[in-house]
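> Spelled out from the first residue to the last, the chains are:
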Amino acid sequence: MARATGKILSGEPRWRTQGLFRWLTALLMIVGFVLVYFFFLIYPSLRVLQLSFTNADIAGKGVFVGLANYARLLQDPNFWNALWNTLYFILLTVVPNTLLGFIMALLVLRLRRAQKLVLAAFFLPYVLPVSVVTNLWIWLLDQNFGIINYLSQSSIAWFQDPVFAMPAVAFVTIWWTVGFNILLFMAALQNVPRELYEAAQLDGATSTQVFRYITWPMVWPVTSLVLLLQLIAQFKIFDQVYLLTGGGPFDKTMVVLLLLYRSAFQQQQGGYSSTIGVVLLVVILLTSLVQARYSGLGRRTS
Amino acid sequence: MRLIQLLAFGLMLSSLSLAQTTVTFWDFFGGGDGVRMKQIVDDFNKSQKDIVVNRTTLTWGAPFYTKIHTSVVAGETPDLITYHLSALPRGLSNKDLRPITAAELKSVGLAASDFQSNIVQEELSIAKQQAGNDQLYAIPLDTHTSVLYYNKNLLKKAGVLGSDGKPMGLDNAADFAKTLLTIKQKANVLPMSFSSAQDSATIWRMWYSLLLQQNGSLAKDGKLSLSDLDTKGKVALQAMVDWSKQGLLSRNTTYPASVALFTSGRAAFMFNGNWEVPTMVDLKKNGKLPFDYGIVSFPKLYANADTWADSHTLAIPNNTKTPMSAAKLQAVLKFVAYVEKTGGLTWAGGGHIPAYLPTQESAAYKQLEPNAEYSATSAADATHEPTVLIFGVGGPVYDAVGNDFTPALLGQVSVDQAIAKFKSTLQSLNTK
Numbered sequence: 542m543a544r545a546t547g548k549i550l551s552g553e554p555r556w557r558t559q560g561l562f563r564w565l566t567a568l569l570m571i572v573g574f575v576l577v578y579f580f581f582l583i584y585p586s587l588r589v590l591q592l593s594f595t596n597a598d599i600a601g602k603g604v605f606v607g608l609a610n611y612a613r614l615l616q617d618p619n620f621w622n623a624l625w626n627t628l629y630f631i632l633l634t635v636v637p638n639t640l641l642g643f644i645m646a647l648l649v650l651r652l653r654r655a656q657k658l659v660l661a662a663f664f665l666p667y668v669l670p671v672s673v674v675t676n677l678w679i680w681l682l683d684q685n686f687g688i689i690n691y692l693s694q695s696s697i698a699w700f701q702d703p704v705f706a707m708p709a710v711a712f713v714t715i716w717w718t719v720g721f722n723i724l725l726f727m728a729a730l731q732n733v734p735r736e737l738y739e740a741a742q743l744d745g746a747t748s749t750q751v752f753r754y755i756t757w758p759m760v761w762p763v764t765s766l767v768l769l770l771q772l773i774a775q776f777k778i779f780d781q782v783y784l785l786t787g788g789g790p791f792d793k794t795m796v797v798l799l800l801l802y803r804s805a806f807q808q809q810q811g812g813y814s815s816t817i818g819v820v821l822l823v824v825i826l827l828t829s830l831v832q833a834r835y836s837g838l839g840r841r842t843s
Numbered sequence: 050m051r052l053i054q055l056l057a058f059g060l061m062l063s064s065l066s067l068a069q070t071t072v073t074f075w076d077f078f079g080g081g082d083g084v085r086m087k088q089i090v091d092d093f094n095k096s097q098k099d100i101v102v103n104r105t106t107l108t109w110g111a112p113f114y115t116k117i118h119t120s121v122v123a124g125e126t127p128d129l130i131t132y133h134l135s136a137l138p139r140g141l142s143n144k145d146l147r148p149i150t151a152a153e154l155k156s157v158g159l160a161a162s163d164f165q166s167n168i169v170q171e172e173l174s175i176a177k178q179q180a181g182n183d184q185l186y187a188i189p190l191d192t193h194t195s196v197l198y199y200n201k202n203l204l205k206k207a208g209v210l211g212s213d214g215k216p217m218g219l220d221n222a223a224d225f226a227k228t229l230l231t232i233k234q235k236a237n238v239l240p241m242s243f244s245s246a247q248d249s250a251t252i253w254r255m256w257y258s259l260l261l262q263q264n265g266s267l268a269k270d271g272k273l274s275l276s277d278l279d280t281k282g283k284v285a286l287q288a289m290v291d292w293s294k295q296g297l298l299s300r301n302t303t304y305p306a307s308v309a310l311f312t313s314g315r316a317a318f319m320f321n322g323n324w325e326v327p328t329m330v331d332l333k334k335n336g337k338l339p340f341d342y343g344i345v346s347f348p349k350l351y352a353n354a355d356t357w358a359d360s361h362t363l364a365i366p367n368n369t370k371t372p373m374s375a376a377k378l379q380a381v382l383k384f385v386a387y388v389e390k391t392g393g394l395t396w397a398g399g400g401h402i403p404a405y406l407p408t409q410e411s412a413a414y415k416q417l418e419p420n421a422e423y424s425a426t427s428a429a430d431a432t433h434e435p436t437v438l439i440f441g442v443g444g445p446v447y448d449a450v451g452n453d454f455t456p457a458l459l460g461q462v463s464v465d466q467a468i469a470k471f472k473s474t475l476q477s478l479n480t481k
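Chains as they are written, first to last, in the working numbering: chain L, 542 to 843; chain A, 50 to 481.
Same shape as in the complex, but just chain L (with noise of 0.2 Å):
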């Protein structure tokens, strides 16, 4: 329609002035968005860097101190106890959650008879609330009544121990978000062509053969995305940690959001706390495109 004005009434101010009402139309789409975008992501984040460079408590303005919470984080044991758990939790979630993920997709797609059912089982607990997750793990998991050392005659305090806790958060992760995983790998297994598998077959190809050289590869765009999304899934994990085990026993299970939240809402410490947030946000920054391009995750396949 535009272009048909225009060539009729074709003359340079009138493109112009049409140009300007594409660009009119199309602000006006997206200002709500924008605004949005705007005021509850980007002004916060900007004041959050602002505040890192000042001593401000929880609500006030504080003094400008320059570098001096950078310096002091570099030299907190603390921050770098949280990181270490951080990354610890990485390891014991991200792999495993995206190759159970994956395995689960891999069976689901085999079964022959109620194979929705199984989805839906699967797929429960992501819908679940985080609260409503950890509760029902705190009671599975109790060292007096927990069915699981019930059943074990084990006598571990899993959320409370110094060695379980952190796997314990994990497992509860893992089992929480599973479903979301099976559920873009069961996509990804069924766009694969069955012509490629039936030329395999022709060619005599064996099933290992045939996973290594046509299943792996063709998922993988997939698998590289859900490892991202993982990745930074779990460099932001808190919620499960706050509500199992407050980050005891013994720090173990400190990671540096609850050390954020700590600094900033207990010992009302805004400045610090904000320094903290910014630090993070850069790691994840700078792991996710170290990741981004070893996974060749944007890159076309040709």
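There may be inaccurate statements among the hints.
[What the hints assert, rightly or not] Simulated crosslink set (DSSO-like; lysine-lysine; CA at most 30 Å straight-line):
1. A:Lys334 x A:Lys215
2. A:Lys272 x L:Lys602
3. A:Lys144 x A:Lys155
4. L:Lys602 x A:Lys116
5. L:Lys793 x A:Lys472
6. A:Lys272 x A:Lys294
7. A:Lys470 x L:Lys777
8. A:Lys235 x A:Lys390
9. L:Lys793 x A:Lys294
10. L:Lys777 x A:Lys349
[Unchecked claim] Simulated restraints, written as ranges between beta carbons of each label pair:
11. L:Asn622 x A:Ala268: 22 to 28 Å
12. A:Ala469 x L:Val831: 48 to 54 Å
13. L:Ser696 x A:Gly208: 27 to 33 Å
14. L:Ala662 x A:Asn202: 45 to 51 Å
15. A:Ala180 x L:Gln694: 56 to 62 Å
16. A:Thr480 x L:Leu822: 22 to 28 Å
17. L:Ser695 x A:Ser266: 37 to 43 Å
18. A:Asp331 x L:Ala662: 39 to 45 Å
Bear in mind the hints are in silico, worked out from the structure with no lab data behind them. No experiment lies behind these values; they were computed from the predicted model shown. Cβ atoms here follow ideal geometry from the backbone N, Cα and C, with glycine treated the same way.
Mind docking chain A on chain L? Use the hints.
The following block gives chain A in isolation, referenced to the frame of chain L:
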């Protein structure tokens, strides 16, 4: 005609509500004491027509104080709040509270001398430290402390109930452990229930009491002092770890479970705050308590009988952006006077020891059961938390105790490790 009547009625209503002053009141009482505070507020609202108190109950502990601070900075404060004495140093250092002058108190018939003097004195010394003046920032409401609840039937079965109906063998730490062991062997129940999972507060209260009883302290001259930690601090934690290891103290038990263990008759003692008194009173009244219970002050196990305590107070947020009008202030103070004077006994029903002396010294309070079993001794033993900024209810020290001591109680780390970690945590908290 009817329309005009309706309009006139509406006008009357609106003029009535105009004349009323609304007092917004925030508190953190969620349990048995919340029921009592609600009753006091309801009674007050019914007793007169000029003032309406709107009460909102928020989450107890650190979230409450963060919310107060943000409301002060934003200039959107409630008119009256409850405040812990232990949170006062931090509150004053944040400039969150408005001083209440003697003249203002007098206008509703109150005076600083009407309140338990040690609480007032402590408040004044905190004001001197943090605000550099000698004004009163919070009106004391009560003292609450840790007590021992006991099951008379089980103690009798174990042969440790005296003829006076009080437990025997609570004279020192060794005696106490022996008594608990006797109970375990003879009555075959858990000797003492105590909340130790997902709850650092109860661990802190017991450990701090045991530290205090050895003349230990965590602050000297208003500054953090760690010199007693390696000696008395270790003794206190070791005692708790030993009890825990021998099965004398409930292990890894959440707060509700620790109460349930006692009220169901499966534990002979319960270490808890006096705020569980309403639970016991109500269960007994409804015939749901399968035994006779008693309450004693936390016993003297070492050199003295000092026991952890805190006080609830009433305070006015320091709204500098929109200061409170004179009429509003008067309404707030009237309500405060009502809570202290008329609501005192109702509040005491929550197990707390009233700070308003006329109530505390009244015959009605002295005869109030079961409070009379412990209140006099407990009031004398009550020792507040250090006034160093990092202490205070639900604050970072509570978290540190949960994080550092819980694994020791579960036998996962040694007492030495736990104390060393606690020490370094306190140090790093204090430097900020």
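> Each hint: holds or not?
Against the structure, the hints:
1. A:Lys334 x A:Lys215: 21 Å, holds
2. A:Lys272 x L:Lys602: 28 Å, holds
3. A:Lys144 x A:Lys155: 24 Å, holds
4. L:Lys602 x A:Lys116: 17 Å, holds
5. L:Lys793 x A:Lys472: 17 Å, holds
6. A:Lys272 x A:Lys294: With Cα atoms ~34 Å apart, Lys272 of chain A and Lys294 of chain A exceed 30 Å; violated.
7. A:Lys470 x L:Lys777: 26 Å, holds
8. A:Lys235 x A:Lys390: This hinted pair is violated, its Cα atoms lying about 48 Å apart.
9. L:Lys793 x A:Lys294: 23 Å, holds
10. L:Lys777 x A:Lys349: Answer violated: Lys777 of chain L to Lys349 of chain A is near 48 Å, above 30 Å.
11. L:Asn622 x A:Ala268: 22 to 28 Å: 27 Å, holds
12. A:Ala469 x L:Val831: 48 to 54 Å: 38 Å, violated
13. L:Ser696 x A:Gly208: 27 to 33 Å: 31 Å, holds
14. L:Ala662 x A:Asn202: 45 to 51 Å: Between Ala662 of chain L and Asn202 of chain A, where Cβ atoms are some 49 Å apart, the hint holds.
15. A:Ala180 x L:Gln694: 56 to 62 Å: 59 Å, holds
16. A:Thr480 x L:Leu822: 22 to 28 Å: 26 Å, holds
17. L:Ser695 x A:Ser266: 37 to 43 Å: Given a distance of about 41 Å, which is inside 37 to 43 Å, the answer is holds.
18. A:Asp331 x L:Ala662: 39 to 45 Å: Once the Cβ atoms are compared, 43 Å apart, the range 39 to 45 Å for Ala662 of chain L and Asp331 of chain A holds.
Comparing the model with each earlier hint shows violations of hints 6, 8, 10, 12; every other hint is respected.
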